[in-house]
Amino acid sequence: MSSSTFSQTRSQALSLEKQTEQLLSKFSQFQQQQQQNQSQSLDITPEETIIRQQIEEIFQKRNAVISKLNRISEVEPNLSTSKLQQLTRHKEKLNDDNLSFTKIINNIEDERNKNNLLFNVHRDINHHKQQRNIDGNAYILEESERVNNVNSIADRLLQGAFATRDELLNQRQYLNNAQSQVLSTMQNIPGLNVLISKINTRRKRDTLILASVIAICILFLFFV
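Going by this note's numbering, the sequence shown opens with residue 2, and the numbers climb by one from there.
Derived by calculation from the structure, the hints in this document are not laboratory data. Quick caveat: nothing in here was measured; it's all calculated off a predicted structure. One or more hints might be untrue.
Label pairs and their in silico Cβ distance ranges [to be verified]:
hint : residue 1 : residue 2 : range
1    : G161      : R206      : 40 to 46 angstroms
2    : K199      : F223      : 32 to 38 angstroms
3    : Q86       : T50       : 33 to 39 angstroms
4    : L159      : I210      : 32 to 38 angstroms
5    : Q9        : P78       : 35 to 41 angstroms
6    : L159      : R203      : 23 to 29 angstroms
7    : I126      : S68       : 32 to 38 angstroms
8    : Q9        : Q61       : 18 to 24 angstroms
9    : E93       : E57       : 44 to 50 angstroms
10   : Q30       : T6        : 15 to 21 angstroms
11   : I210      : N171      : 42 to 48 angstroms
Note that beta-carbon positions come from the ideal geometry of N, C-alpha and C, so glycine has one too.
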C-alpha cells in the first residue's frame, strides 16, 4: 500500500517538475526581452508578475509533495533503495529549480536597471541637445554678459591700483616737502645747528665715558 502511495505521490512531483520547467522557460524570456530592448525603459508587466506567482505557488506544492514522500519513507521501513534515490533526486531538482528561478529574477532586475539607466542617460542627453538648440542665443547673450562683467571687474581693479599709486606718490611728495621745510627752518633759526652739534658731541662723549667705565670694571674683575 505504501509503495502504491509513494508512486502516486511521485507522479504528482514529476508533473509539478514539468510545469516548473515550462514556467521557468517562459519566465526567462523576460530576461531576453530586457537584453533585446536596451536603452528602453521597461517596467514589470502583468504577465511577468503572473508567471512569477505561478512558479512560487508550484514550489510550495512541490515542497508539500516532497514532505509527503518523506513521511511515506519514514512510515515504510522496507521502501526500496531506488525509491529513496528518487526522493533524493526530487529534493535536488527542487533546489536546482529554486536556484535557477532566483538567478533569472536577479538577471531580469539587473538588465532592467541597466536599461533604465541607459534610457535616462539618453533622455537627458536629448533634452540637453534640445535645450541647447532652443536656448542657443540666450546662452550666447549670457556668456557675453559674463565676459562684460569680468572686464568691468578688471577695469575697477586697475582704477583702484592707479588711484593707490597716485596716493603713494602724493604722500611721498608731501614727506619730501615736509623734510625740506624742516631743514629750511633749522637753517633759519640762529644757533640751532650749533646746539644740535653740541648735543651730538655730548652724546658721543657720554658714550665714550660709559664705555671706558665698563672696560675698567671688566679689567678689574679679570685681574682681581
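The hints, checked one at a time:
no. : hint                            : verdict
1   : G161 - R206: 40 to 46 angstroms : violated, 53 angstroms
2   : K199 - F223: 32 to 38 angstroms : holds, 36 angstroms
3   : Q86 - T50: 33 to 39 angstroms   : holds, 37 angstroms
4   : L159 - I210: 32 to 38 angstroms : violated, 60 angstroms
5   : Q9 - P78: 35 to 41 angstroms    : violated, 20 angstroms
6   : L159 - R203: 23 to 29 angstroms : violated, 55 angstroms
7   : I126 - S68: 32 to 38 angstroms  : violated, 55 angstroms
8   : Q9 - Q61: 18 to 24 angstroms    : holds, 20 angstroms
9   : E93 - E57: 44 to 50 angstroms   : violated, 20 angstroms
10  : Q30 - T6: 15 to 21 angstroms    : violated, 38 angstroms
11  : I210 - N171: 42 to 48 angstroms : holds, 47 angstroms
In this structure, the hints that do not hold are numbers 1, 4, 5, 6, 7, 9 and 10, in rising order.
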